[in-house]
Amino acid sequence: MRFLFDSDTWQEIYGSIRKNRVRTAITIIGVLWGIFLLVVLLGAARGVDNGFKKIFGDFATNSVFVWTQATDTPFKGFQEGRRFRLKMNDIEALKSEYQEEIKFLAPRNQTNNLIVHDFKSGNFQVSGDYPILDQIQKKKLIVGRFINENDILSTAKVTVISENMYKQLFDKGEKPIGEYIKINSINYKVVGVYGPSNGIDLDGDTAFIPFTTFKRVYNTANNIDWMVITANPGIDIEQMESDVILTLKNLHNVHPEDKRAFGSFNLGVQIAKVTGFLTGLQFMTWFVGIATLIAGVFAIGNILLITVKERTQEIGIRRALGATPKSIRQQIILESVFLTTVAGMLGIIFGSFILFIIDATFGQGDDAALINPTVNIPIIIIAFVTLIVLGTLIGLIPAHMATLVRPIEALREE
Amino acid sequence: MIKIEKLHKSYPIGKDSLHVLKGIDLHIKEGEFVSIMGSSGSGKSTLLNIVGLLDIHDEGHYYLNGQLIKDMNEKKAALLRNKFLGFVFQSFNLISYKTALENVALPLYYKGMGRKERLQVALDYLEKVGLKDWANHLPNELSGGQKQRVAIARALVTKPKVVLADEPTGALDSTTTDSVMDLLKDINNEGMTVFVITHEEEVAEQTKRIVRLKDGVIISDEFTKASKAV
Ligand SMILES: Nc1ncnc2c1ncn2[C@@H]1O[C@H](COP(=O)(O)OP(=O)(O)O)[C@@H](O)[C@H]1O
Ligand SMILES: [Mg+2]
Chain L
2 MRFLFDSDTW
12 QEIYGSIRKN
22 RVRTAITIIG
32 VLWGIFLLVV
42 LLGAARGVDN
52 GFKKIFGDFA
62 TNSVFVWTQA
72 TDTPFKGFQE
82 GRRFRLKMND
92 IEALKSEYQE
102 EIKFLAPRNQ
112 TNNLIVHDFK
122 SGNFQVSGDY
132 PILDQIQKKK
142 LIVGRFINEN
152 DILSTAKVTV
162 ISENMYKQLF
172 DKGEKPIGEY
182 IKINSINYKV
192 VGVYGPSNGI
202 DLDGDTAFIP
212 FTTFKRVYNT
222 ANNIDWMVIT
232 ANPGIDIEQM
242 ESDVILTLKN
252 LHNVHPEDKR
262 AFGSFNLGVQ
272 IAKVTGFLTG
282 LQFMTWFVGI
292 ATLIAGVFAI
302 GNILLITVKE
312 RTQEIGIRRA
322 LGATPKSIRQ
332 QIILESVFLT
342 TVAGMLGIIF
352 GSFILFIIDA
362 TFGQGDDAAL
372 INPTVNIPII
382 IIAFVTLIVL
392 GTLIGLIPAH
402 MATLVRPIEA
412 LREE
Chain Z
12 MIKIEKLHKS
22 YPIGKDSLHV
32 LKGIDLHIKE
42 GEFVSIMGSS
52 GSGKSTLLNI
62 VGLLDIHDEG
72 HYYLNGQLIK
82 DMNEKKAALL
92 RNKFLGFVFQ
102 SFNLISYKTA
112 LENVALPLYY
122 KGMGRKERLQ
132 VALDYLEKVG
142 LKDWANHLPN
152 ELSGGQKQRV
162 AIARALVTKP
172 KVVLADEPTG
182 ALDSTTTDSV
192 MDLLKDINNE
202 GMTVFVITHE
212 EEVAEQTKRI
222 VRLKDGVIIS
232 DEFTKASKAV
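Just so you know, the sequences run in chain order L and Z. Residue numbering for the first sequence follows our numbering, starting at 2 and increasing by one per position. Residue numbering for the second sequence follows our numbering, starting at 12 and increasing by one per position.
Simulated from the structure, these hints should not be mistaken for lab results. Cβ atoms here follow ideal geometry from the backbone N, Cα and C, with glycine treated the same way. A hint or two may mislead.
As the list claims (entries may be wrong) - If you want a taste of the chain L side facing chain Z, the calculated C-beta under 8 Å gives, among others:
hint	residue
1	8
2	16
3	19
4	23
5	315
6	318
7	320
8	321
9	322
10	323
11	325
12	326
13	327
14	328
15	408
Next up, chain L with everything else stripped away, as it sits in the complex (with noise of 0.2 Å):
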């Protein structure tokens, strides 16, 4: 070990490399490229994953969303083409069936009102709800709460509106919490002002108020809109889904086999074909990355390995003048492992910049397609790790080559 801190050493391995100009450059590109790949390709990957994330948003994403629609079959005695609704009697049903599987479960029922206050006005979407959508979609409040436990059991004519629809609403520097907004003709006292949410928003600019607040004004009775079932970690939502609405069906007379009668939509099987494409190119990534990489390190072996042919006559004066074998080993070995480095360190380097380039002109904004390309210090230090390695397997080859040079084959006079 004792020779790489020797100044002769690298004054050896500078004379080797400059006297070689083509090839190192040749070697340095190979493997800058490789380095260089890896690291862009991941902070873009990355950078990907991340946009996503923040699409996702607040949002728990292993959700299904149920409705109804018309039967498909004629069933018991009742005709094809049934319309019929989700009941809180449902709920009730699925919550103590799914004990188990189902994390929060949330009734809801919607409608879209004339909202005044004072001498503004605009036609926007009410709905019923319960405190735990809060859980399943967090709502960013700007000022005051959401719908509570309180509410629901006073059913209190109060409302959650968005900042939107606040600006629509209310003059400039108005306090919102206190006032009273009309829905509909009725007082509604605003409790909560949100702002707009991180990633999938399911309901836009919308009054929410107390579930029982709605039935009672809207006269729902026991009916139900749609609802949004969030499973547990773990579950298999898909599974769950169908699951849930055989259940349904059961509960409201319509054929096992019916297609038409519920719809819905999962949320989990959607994003789960988004995160199979960014892990599939999080492995493409790494695959090409790693592939161009040893490509690169393979490069420099094939080439160091023509130099030590081309050197052989250089090769065969050193050991004329005392050169052992392991001293040749350790110059040729040396050699690829530094040229690995350097390159491995350019690539990097550059690679850094290009990412710092694309987060600069599309990684900015609220829409961005890529937030925060970056690459993890473990990994790129594990890359040069690995190319150190290599540099030095690599280097075993022409370096075993080097030794068998015999000095007199090299130093024959024709």
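Chain L is already provided as a structure; the job is to place chain Z with the ligands on it using the hints.
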């Protein structure tokens, strides 16, 4: 210094083998200046390579500085070469991307000498061959004679016991030949053993002993006028 007894050497050529040295007996004492003459292909270089530990003999005995050369591995040979032997070749064999000074210093590097000291010693030897001013020139900036003088400086720099020169003047014109021979004579006068291969009579005559080789055997071994003059 060099003692060779019944030395044989063959090269395999395909299935056959070419018997190049057929029983050489040669004894060179310390401080001698010997030339080997013979036509091309007579085995001069082969003999020199064996003496220089660049090649191994098949049969017979070879003693270098009293040590029997047997079962040499590359490492041992490298060490002995570095310690006892200096080489000068017909085509100079300087490393093209190193300056004259670095070329001369290279054997000292393999000896393990520090850079500063090494370059100082190398410079002294370049001065000795009259090329101090050319120290920082690359080989391709030097004339043939200058290159050979650099090579001689390189052969001398480790203070070897024996300098082996394979046709050192073969690529030089007559004036530069003389300057190189003068240099070798100087070295010999300082007490170093010098062993030169040549096929030029004028060159051989400047040495002190001429060994003639033909078809792998020594046909004559005589001291020259030059030896008697001293
Ligand atoms: N490595 C080798 N392999 C096969 N034949 C060789 C080898 N080296 C030398 N020879 C042959 O041995 C003979 C003697 O060569 P050499 O010693 O170089 O002669 P000289 O130096 O006297 O011209 C020549 O015929 C040459 O072709
Ligand atoms: Mg010859």
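To see whether the hints hold, each was checked on the structure:
Proximity of residue 8/L to chain Z holds as hinted, the smallest CB-CB distance being about 6 Å (cut-off 8 Å). Because the closest C-beta pair between residue 16/L and chain Z is about 6 Å apart, less than 8 Å, the hint holds. Because the beta carbon of residue 19/L sits about 7 Å from the nearest beta carbon in chain Z, less than 8 Å, this interface hint is met. Because the smallest distance between the Cβ of residue 23/L and any Cβ of chain Z comes to about 13 Å, over 8 Å, the interface hint for this residue is violated.
Taking 8 Å as the C-beta cut-off, the interface hint given for residue 315/L holds, the closest approach to chain Z being about 6 Å. Because the beta carbon of residue 318/L sits about 5 Å from the nearest beta carbon in chain Z, less than 8 Å, this interface hint is met. With its C-beta approaching chain Z no nearer than about 7 Å, residue 320/L sits inside the 8 Å limit, and its interface hint holds. Taking 8 Å as the C-beta contact cut-off toward chain Z, the hint placing residue 321/L at the interface holds, the least distance being around 5 Å.
Interface hint at residue 322/L: satisfied, since its Cβ lies 4 Å from the closest Cβ of chain Z, which is below the 8 Å cut-off. Given hint, residue 323/L at the interface with chain Z, holds; its Cβ is 3 Å from that chain's nearest Cβ, closer than 8 Å. Checking residue 325/L against chain Z: minimum C-beta separation of about 4 Å stays under 8 Å; hint holds. Because the closest C-beta pair between residue 326/L and chain Z is about 5 Å apart, less than 8 Å, the hint holds.
With a cut of 8 Å, the hint placing residue 327/L at the interface with chain Z holds, because the nearest CB-to-CB distance is about 7 Å. The restraint placing residue 328/L at the interface with chain Z holds, with a minimum CB-CB distance near 7 Å, inside the 8 Å limit. Against a cut-off of 8 Å between C-beta atoms, the interface hint on residue 408/L holds, since the closest Cβ of chain Z lies about 5 Å away.
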